[in-house]
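Engineer: Below, each chain spelled out in residue letters.
There are 2 protein chains.
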Amino acid sequence: MTIHFQREMDKLKRKILLLGAMVEKSVQLAAKALENRDTEMADKIIAEDSKVDELEVEVEEDCLKILALYQPVAIDLRIISAIIKINNDLERVGDEAVNIAQRVNIMARRPPVDIQFDYILMAEKVESMLKNSLDAMVRLDADLAYKVCLEDDEVDDMKNRVYDRIKEAIVRQPERVGYLINLLLVSRHLERIGDHATNIAEEVIYVIEGKIHRHAEDELKSAPV
Amino acid sequence: MTIHFQREMDKLKRKILLLGAMVEKSVQLAAKALENRDTEMADKIIAEDSKVDELEVEVEEDCLKILALYQPVAIDLRIISAIIKINNDLERVGDEAVNIAQRVNIMARRPPVDIQFDYILMAEKVESMLKNSLDAMVRLDADLAYKVCLEDDEVDDMKNRVYDRIKEAIVRQPERVGYLINLLLVSRHLERIGDHATNIAEEVIYVIEGKIHRHAEDELKSAPV
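Chains A and B are the protein sequences, given in the same order. The first sequence: position 137 = 137 (the UniProt record's numbering), numbered continuously. The second sequence: position 165 = 165 (the UniProt record's numbering), numbered continuously.
Don't take each hint at face value.
Chain copies aren't distinguished; within one or between two, either way the pair holds.
[To be verified] Cross-link-like lysine-lysine pairs, in silico, DSSO-like; alpha carbons within 30 angstroms at most:
#1 K147 <-> K32
#2 K167 <-> K85
#3 K51 <-> K167
#4 K159 <-> K15
#5 K32 <-> K65
#6 K167 <-> K65
#7 K44 <-> K11
#8 K25 <-> K44
#9 K15 <-> K167
#10 K159 <-> K32
#11 K85 <-> K11
#12 K65 <-> K44
Simulated from the structure, these hints should not be mistaken for lab results.
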């Protein structure tokens, strides 16, 4: 491949990493906004999401331009095909951070509920999965990518425990059902961020090993509550 | 392009249509299983999902092979790039049908709750969106695709009404919170099917008009409850 092609590929990789860093930041801020009931920070996350959207469109158009202009094959083709999908996942991670921010805005208007559900721990877990999936992408590190896939089960366990806690809390305080359902939905948004990190990790494995990792473990997974 | 290329493209289009028909069927059956509390049907949906997974992997590998072998450009490149993403959305629609089936299995073990939430109507709505998005793809019908994008707002309204109904029901019958939360989650799974149909419709518009439709209307949308 030509030097032009390499230059375009380097530019593309820098852009997808920038997008990754942007949504990682959004998730971090969403977790902070949640912890501190900080509506100002929540509004900032919501406002900044349009930048994520713009960069996603740009990355996708770049991928198609490169495919059309240079007709890459083998590993280069696999990388671009993976970037198309990782790009999509990252944009949706940004959307989930916005969803959490919107729930923070709803919950902050009402008094907090004392509940033994460590959403901060769950947020930290999915943040670390997202970070590791992006690191695995940068370093083409299959071991780290496999680690992310395994961690997804821990997040599912956390989500199940959260569900039980919230169900109990609603029975005790049915008048706080609105607040508690919002908290339940926060846990689902966090879970989805974990899912997207897993998708990214699977794409990384696919680039490295040239085979599609998805669905291989589906049978082993239990039903969500 | 060569006659071989055309033959491969025709085969690819037939496969993605088959995948579309498969997940459309799963969604229909999931709605029926929900209506009739039919765990046998729910188990069937769950068991059949592996076929959806297999076909998704096959379609994706075909796309990459065609890209590598024929280096298509312009409209053909756009079609393949759209198929890569539609393929992904269809597989996730299948997952959401499985999620609904799993909730049916949980709910069927408990007595029903009398609630004024017409999930059958909501299921019919997203079924029709999915059908229309696939028809728009087959006929390259931009008008129909735009129609699907607009219908997504109706589904969001339905989801908001469901949320209110379920919140009220929980306050009235806090002892039925587990059942009612499962019903709430069904409405979220249905909503996501509507989202995937919208993604497919947007991809169809992109193929026809060569521009990316996504995010254009994001600002107009209100916050989810």
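Engineer: Indicate, hint by hint, whether the structure satisfies it.
Structural biologist: Here is how each hint holds up against the structure:
no., hint, result
1, K147 <-> K32, "within (25 angstroms within a copy, 39 angstroms between copies)"
2, K167 <-> K85, "neither (36 angstroms within a copy, 37 angstroms between copies)"
3, K51 <-> K167, "neither (37 angstroms within a copy, 35 angstroms between copies)"
4, K159 <-> K15, "neither (32 angstroms within a copy, 36 angstroms between copies)"
5, K32 <-> K65, "neither (38 angstroms within a copy, 45 angstroms between copies)"
6, K167 <-> K65, "neither (50 angstroms within a copy, 49 angstroms between copies)"
7, K44 <-> K11, "within (28 angstroms within a copy, 47 angstroms between copies)"
8, K25 <-> K44, "within (12 angstroms within a copy, 42 angstroms between copies)"
9, K15 <-> K167, "neither (43 angstroms within a copy, 43 angstroms between copies)"
10, K159 <-> K32, "both (19 angstroms within a copy, 28 angstroms between copies)"
11, K85 <-> K11, "both (17 angstroms within a copy, 23 angstroms between copies)"
12, K65 <-> K44, "neither (33 angstroms within a copy, 43 angstroms between copies)"
In the structure shown, a violation is registered for the earlier hints numbered 2, 3, 4, 5, 6, 9, 12, in ascending order.
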